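Q: Make a model of the complete structure from these sequences and hints.
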Amino acid sequence: MSAVAASTVDASLFALCLRLGDSALILSQRLGAWCGHGPALEEDIALTNTALDLLGQARLWLSLAGEVEGAGRDEDALAYWRDDREFRNLLITEQPNGDYAQTMVRQFLFDAWHRLVLERLGEHHDSRVAAIAAKAHKEVLYHLRRSADWVVRLGDGTEESHARTQATLDLLWPHAGEMFLIDEIDGEGLRADWDAQVDAVLADATLCRPASTWAQQGSGQGRHTEHLSRLLAEMQVVARAHPGAHW
Amino acid sequence: MSAVAASTVDASLFALCLRLGDSALILSQRLGAWCGHGPALEEDIALTNTALDLLGQARLWLSLAGEVEGAGRDEDALAYWRDDREFRNLLITEQPNGDYAQTMVRQFLFDAWHRLVLERLGEHHDSRVAAIAAKAHKEVLYHLRRSADWVVRLGDGTEESHARTQATLDLLWPHAGEMFLIDEIDGEGLRADWDAQVDAVLADATLCRPASTWAQQGSGQGRHTEHLSRLLAEMQVVARAHPGAHW
Amino acid sequence: SAEERAFQEAIDADIKVEPRDWMPAAYRKTLTRQIAQHAHSEVVGMLPEGNWISRAPSLKRKCVLLAKVQDEAGHAQYLYGAVETLGASRDALYEDMLAGRMKYSSIFNYPTLSWADIGTIGWLVDGAAIINQIPLCRCSYGPYARAMVRICKEESFHQRQGFDIMVSLCKGTPAQKQMAQDALNRWWWPAVMMFGPPDGESVHSAQSAAWKIKLFSNDELRQKFIDQTVPQARHLGLTIPDADLAFDAASGHWRIGAIDWSEFYRVIKGEGPCNVERLAARNKAWDEGAWVREAALAHAAKRAKRSIGEAA
Amino acid sequence: SAEERAFQEAIDADIKVEPRDWMPAAYRKTLTRQIAQHAHSEVVGMLPEGNWISRAPSLKRKCVLLAKVQDEAGHAQYLYGAVETLGASRDALYEDMLAGRMKYSSIFNYPTLSWADIGTIGWLVDGAAIINQIPLCRCSYGPYARAMVRICKEESFHQRQGFDIMVSLCKGTPAQKQMAQDALNRWWWPAVMMFGPPDGESVHSAQSAAWKIKLFSNDELRQKFIDQTVPQARHLGLTIPDADLAFDAASGHWRIGAIDWSEFYRVIKGEGPCNVERLAARNKAWDEGAWVREAALAHAAKRAKRSIGEAA
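Chains as they are written, first to last, in this note's numbering: chain A, 1 to 247; chain B, 1001 to 1247; chain C, 2001 to 2312; chain D, 3001 to 3312.
In short, the hints are calculated from the structure, not lab data.
Since the structure is predicted, the reported quantities are computational estimates derived from the model, not experimental observations.
All residues carry an ideal CB built from backbone N, CA and C; glycine is no exception.
Treat the hints with care, since some could be wrong.
Claimed, not checked - Taking lysine to any residue and the SDA-like style, the derived pairs with C-alpha atoms no more than 25 Å apart in a straight line are:
no.: 1; chain 1: C; residue 1: 2060; chain 2: B; residue 2: 1049
no.: 2; chain 1: C; residue 1: 2177; chain 2: A; residue 2: 85
no.: 3; chain 1: D; residue 1: 3177; chain 2: A; residue 2: 236
no.: 4; chain 1: C; residue 1: 2284; chain 2: A; residue 2: 226
no.: 5; chain 1: D; residue 1: 3171; chain 2: A; residue 2: 242
no.: 6; chain 1: C; residue 1: 2302; chain 2: B; residue 2: 1163
no.: 7; chain 1: D; residue 1: 3284; chain 2: B; residue 2: 1170
no.: 8; chain 1: D; residue 1: 3284; chain 2: A; residue 2: 49
no.: 9; chain 1: C; residue 1: 2302; chain 2: B; residue 2: 1160
no.: 10; chain 1: C; residue 1: 2302; chain 2: B; residue 2: 1070
no.: 11; chain 1: D; residue 1: 3060; chain 2: A; residue 2: 56
no.: 12; chain 1: C; residue 1: 2284; chain 2: D; residue 2: 3288
no.: 13; chain 1: C; residue 1: 2302; chain 2: B; residue 2: 1218
no.: 14; chain 1: C; residue 1: 2302; chain 2: B; residue 2: 1208
no.: 15; chain 1: D; residue 1: 3305; chain 2: A; residue 2: 159
no.: 16; chain 1: D; residue 1: 3284; chain 2: A; residue 2: 33
no.: 17; chain 1: D; residue 1: 3284; chain 2: A; residue 2: 85
no.: 18; chain 1: C; residue 1: 2305; chain 2: B; residue 2: 1163
no.: 19; chain 1: D; residue 1: 3103; chain 2: B; residue 2: 1214
no.: 20; chain 1: D; residue 1: 3177; chain 2: B; residue 2: 1243
no.: 21; chain 1: D; residue 1: 3269; chain 2: B; residue 2: 1181
no.: 22; chain 1: D; residue 1: 3060; chain 2: A; residue 2: 134
no.: 23; chain 1: D; residue 1: 3177; chain 2: B; residue 2: 1218
no.: 24; chain 1: D; residue 1: 3269; chain 2: B; residue 2: 1208
no.: 25; chain 1: C; residue 1: 2171; chain 2: B; residue 2: 1077
no.: 26; chain 1: D; residue 1: 3103; chain 2: A; residue 2: 40
no.: 27; chain 1: C; residue 1: 2305; chain 2: B; residue 2: 1203
no.: 28; chain 1: D; residue 1: 3103; chain 2: B; residue 2: 1181
no.: 29; chain 1: C; residue 1: 2284; chain 2: C; residue 2: 2096
no.: 30; chain 1: C; residue 1: 2060; chain 2: B; residue 2: 1181
no.: 31; chain 1: D; residue 1: 3177; chain 2: A; residue 2: 240
no.: 32; chain 1: C; residue 1: 2305; chain 2: B; residue 2: 1146
no.: 33; chain 1: C; residue 1: 2305; chain 2: B; residue 2: 1160
no.: 34; chain 1: B; residue 1: 1135; chain 2: C; residue 2: 2063
Claimed, not checked - Every beta carbon over 10 Å from chain B, so not counted as near; a handful from chain D, in silico:
no.: 35; residue: 3022
no.: 36; residue: 3055
no.: 37; residue: 3070
no.: 38; residue: 3266
no.: 39; residue: 3273
no.: 40; residue: 3277
A: Right, dumping it as structure tokens:
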């Protein structure tokens, strides 16, 4: 393999690791904010569980990203010392928590994608990628079961919960589209599988699939929503106040 | 005057400038967050006005603080490069905006104090202090008229507004006490004047003065509530990301 | 009709139309929509810039930004005042906007992603607004024309402040300069599109021109903006994100490449990066402010009742 | 009565009381209060530490902290489970706490002001909790004793993690070390007070001791904590904020200076730095979660109805 080809492979692999790692990290950060503020103790525990799984995955992906990059950046260098324009998380992961419906719909739309992507990455030619994907896939199956279950409960619960859930679904829907614009993976096939799964859950939840086909995008180029820079300001503040410190 | 005495005077003057300057800065920062989110356009304008006045005062106090300190720190060095433990703003100024009642009660309790303090500082032996105080005093008279007016409107408005305002008054009351623990000024006299004024407005507003006499404190030693470090993380993030930059 | 003729003759003679004058229903309707949309734009325009007040990197810049956003609220006030002289209800118009039935300027559906965006908005967006608005200072409807005089004065101040931020960034560290270039890359085309669709596709222009509500065509104003802005960008040392940009020595104009009008129509349709959020933020403020407005009214009523009681 | 005598004899013989066993009403009541307060403490205790999850300075520390706070929620679950075996309603007890009718540990009414507070809480607060709780693993009520076994295991893990944070800070930069000292200065006395008022002022102790609900006196446990902690502080190179602290060679104990009990009673009374906020935060979560809990119930009811319909 020529040097050029190798570096192209590495760049694409690096991008993939950031895509997955940043998405997991940012969503985990959002979920962590529920800790102590959930609607029931059991939910606090379950949300924290998901946050922990995602954080664990983020660490694996970012460590691998650093390894692939070969510039000496470890998971913390990547998490704490990049600016928002350098983050590659999906836009949907940085959307605010909102109410419980918003958190759960966001989670469901993401989980459904996450599971399918990890399934495909489980057969990636790079064994390190395949190994992380296989481990994460197991965890995500559980996340998806839970978030789908909540979407059904809230959609098919009370009048109020139905209205809130439909509103949040309409709100978040434009952020779903960019999930399928991923290198290395067949976006169309992914979308078809995702659609089938999401449609089934929405039907159970008595929710209407939004008609809009428009997809918000930009995160692949580091063009995020206004939310990310605020999230990072908080996440990175202590680390950045003490450059070079060990914790 | 001996060098020791001079440095004692300076330390006390420095502390006074930080007390006033940090309080104005932090409250201004809180008020700025309402911009574009107020209950009516006129309120957006009025809140911004108060925020601007306070920010202007903060700049004067912090510049003077830097001058007194003589260590080469200007207003921005003091605003952007100190940590929460070094801030000397009153605890009440860092309390969250909450709803409009909370913002207005916070403002009223502070304004009533602010006006009285500035009145007294108008006769300070240091002419620089006296000049800033005189300028600020004029602005604060207007702030106080407005915040008192809103406390009355909300207290003596609807059942809902009354309940919200009373609740927020009870919540913020323990943060009022430390306003009177100020060096250089006779706290008891200040408190008596403040009490008279506040009681009159609360009576008009049909609100009950909270019975508690307990005073939350610590800001004089830089011991703040959990809110300040978050507020500063946001306020300082851009400046700190670019050490040494000019804007 | 005779009234219509007299109306048009007065306009042709540059006599201002005033609120109590007779005016054609279509004139009233067109103006109401135009002024209200302008007012709504000022209100929504507070959000993208307001997003950086808390994070302004120096106290002076924070002051300037706060004052600017406050000015925008003031502009909205003048404009709602002007539209009320046409017999419209300010609250009703505002609620039309909240419900998505009335537009505001599409430019505010783009996000502010860094501090440099604040400079760029002042420089480009206010710059474009001024070019759009200066002719309106001479428009036929008196209250609107007078409001625009005040507004334009403040806007040109804002424009200079925005440019000043850009100067600081471009003279600053490499990271600052890169931030400035990045902001220009994102805002350039949306700013160019602020003048509306090309003349061929613009509707109602002829009637608006006759009524002196619209005094120049979209493309004329756009060209003016480009000719003004390109040298400023060069002065800053920034690159305008348009490979086809070229100076046409014959005409003395800068010529830009093709505009992606599909983006323009998409954003107008509601599919801009921030349409949903901007409307949601305004609705949230309005809804959460309801109890405050009610309390103020209730208190005023009580006070009025008491003063009547005392008078009796 | 004969029942009471048999009950006490069983306790004296170290036979565990189980939910279905007969027990004196006062025993049931005392235990219900004690376990519920312990459960509430775990729930409220999530807040001060949760405050730093978003800002943990490394991903590993963030993981550990998230897991720790999750464990606390789990402890609350075990404990609410134990208290339900006494015939109490978990929701009713929780609402008593929300309304301020039941207490939780006063230590959580202090704020977490820096990252070092997370280390200090693990080291001191969990350290004190373990000393308080280890004897409870042998307490007379079976479900409580078994819950405490699980909890103590996890707590000692937390305590080591907290100490590990302190080690990193104390081996770190001067700013980190100062942060650690500052946290110790603020948490030391509140931690010392976690064991409750001095033995002379402690009520109900005799009965609780006979029932084997309380196996050591407050002062005994406090001394144990001090003897354990002082050498740790020295190992870290930190100074305990007590000028009177001295080693008493005769007894082999560290003796501390006078405790400011007025602060202790003030905080219990509601006048701690965060009492109002902690309760407000828990109430907010509960109130804002109401529609979620209702929806879950409504959905469960619908599902049950449908499955009956299908069965018929």
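Q: A separate judgement is required for each hint: does it hold in the structure or not?
A: Verification of the supplied hints:
Between residue 2060/C and residue 1049/B the alpha-carbon distance is near 15 Å, which keeps this suggested pair within the 25 Å criterion. Only pairs whose Cα atoms come within 25 Å are accepted, and residue 2177/C paired with residue 85/A is accepted, the gap being roughly 15 Å. At most 25 Å may separate the alpha-carbon atoms for a hinted pair to count; residue 3177/D and residue 236/A meet this at roughly 20 Å. Between residue 2284/C and residue 226/A, the direct Cα distance comes to roughly 17 Å. Compliance with the 25 Å bound is thereby established for this hinted pair.
In summary, the hint linking residue 3171/D to residue 242/A is supported, as the alpha carbons are separated by about 14 Å, within the 25 Å threshold. This hinted pair checks out: residue 2302/C and residue 1163/B have alpha carbons roughly 17 Å apart, not beyond 25 Å. As the CA atoms of residue 3284/D and residue 1170/B are separated by approximately 17 Å, the hinted pair is consistent with the 25 Å bound. Restraint check: the Cα-Cα separation between residue 3284/D and residue 49/A comes to about 22 Å, which is no more than 25 Å; the hinted pair holds.
Annotation: proposed proximity of residue 2302/C to residue 1160/B holds, straight-line Cα distance about 15 Å (limit 25 Å). Distance check on the hinted pair: residue 2302/C and residue 1070/B sit about 56 Å apart at the alpha-carbon level, beyond 25 Å; violated. Proximity of residue 3060/D to residue 56/A is assessed by CA-CA distance (about 9 Å); at most 25 Å being required, the pair is judged to hold. Among the hinted pairs, residue 2284/C with residue 3288/D is consistent with the structure: their alpha-carbon atoms are about 17 Å apart, no more than 25 Å.
Using a Cα cut-off of 25 Å, the hinted pair residue 2302/C and residue 1218/B is violated, with the two alpha carbons roughly 42 Å apart. Restraint check: the Cα-Cα separation between residue 2302/C and residue 1208/B comes to about 19 Å, which is no more than 25 Å; the hinted pair holds. Proposed proximity of residue 3305/D and residue 159/A is supported: the alpha carbons are some 18 Å apart, at most 25 Å. For the hint linking residue 3284/D to residue 33/A, the alpha-carbon distance of about 14 Å falls within 25 Å, and the restraint holds.
For the hint linking residue 3284/D to residue 85/A, the alpha-carbon distance of about 35 Å lies beyond 25 Å, and the restraint is violated. About 22 Å separates the Cα atoms of residue 2305/C and residue 1163/B, which keeps this hinted pair within 25 Å; it holds. Restraint check for residue 3103/D and residue 1214/B: satisfied, since their Cα atoms lie roughly 20 Å apart, inside the 25 Å limit. Between residue 3177/D and residue 1243/B, the direct Cα distance comes to roughly 23 Å. Compliance with the 25 Å bound is thereby established for this hinted pair.
Of the pairs offered as hints, the one joining residue 3269/D and residue 1181/B holds, with about 23 Å between alpha carbons and a cut-off of 25 Å not exceeded. For a cut-off of 25 Å, the pair hint linking residue 3060/D to residue 134/A stands: about 21 Å separates their Cα positions. A C-alpha spacing of about 22 Å is found between residue 3177/D and residue 1218/B, which places the hinted pair at or below 25 Å, so the restraint holds. The straight-line distance between the Cα atoms of residue 3269/D and residue 1208/B is roughly 21 Å, inside the 25 Å bound, and the hint therefore holds.
Distance restraint check for residue 2171/C and residue 1077/B: the Cα-Cα separation of roughly 20 Å lies within the 25 Å cut-off, and the hinted pair is therefore satisfied. Under the criterion of a C-alpha separation no larger than 25 Å, the hint pairing residue 3103/D with residue 40/A is consistent with the structure, at around 19 Å. The straight-line distance between the Cα atoms of residue 2305/C and residue 1203/B is roughly 19 Å, inside the 25 Å bound, and the hint therefore holds. Annotation: proposed proximity of residue 3103/D to residue 1181/B is violated, straight-line Cα distance about 31 Å (limit 25 Å).
A C-alpha spacing of about 15 Å is found between residue 2284/C and residue 2096/C, which places the hinted pair at or below 25 Å, so the restraint holds. Taken as a hint, the residue 2060/C and residue 1181/B pair is broken in the structure, with Cα atoms around 31 Å apart against an allowance of 25 Å. Under the criterion of a C-alpha separation no larger than 25 Å, the hint pairing residue 3177/D with residue 240/A is consistent with the structure, at around 16 Å. With a C-alpha separation of about 22 Å, the suggested pairing of residue 2305/C with residue 1146/B holds against the 25 Å cut-off.
A C-alpha spacing of about 20 Å is found between residue 2305/C and residue 1160/B, which places the hinted pair at or below 25 Å, so the restraint holds. A C-alpha spacing of about 17 Å is found between residue 1135/B and residue 2063/C, which places the hinted pair at or below 25 Å, so the restraint holds. Annotated as non-interface, residue 3022/D keeps its C-beta farther than 10 Å from every C-beta of chain B; the closest such distance is 45 Å. Annotated as non-interface, residue 3055/D brings its C-beta within 10 Å of a C-beta of chain B; the closest such distance is 8 Å.
Every CB of chain B is more than 10 Å from the CB of residue 3070/D (nearest about 21 Å), matching its label as outside the interface. Listed as a non-interface residue, residue 3266/D fails to keep its Cβ farther than 10 Å from every Cβ of chain B; the least gap is roughly 7 Å. The claim that residue 3273/D lies off the interface is violated: its Cβ sits roughly 6 Å from the closest Cβ of chain B, which falls inside the 10 Å cut-off. Separation of residue 3277/D from chain B is inadequate, the least Cβ-Cβ distance of about 8 Å not exceeding the 10 Å criterion.
Hints 10, 13, 17, 28, 30, 36, 38, 39 and 40 from the list above are not met by this structure, while the remaining hints are.
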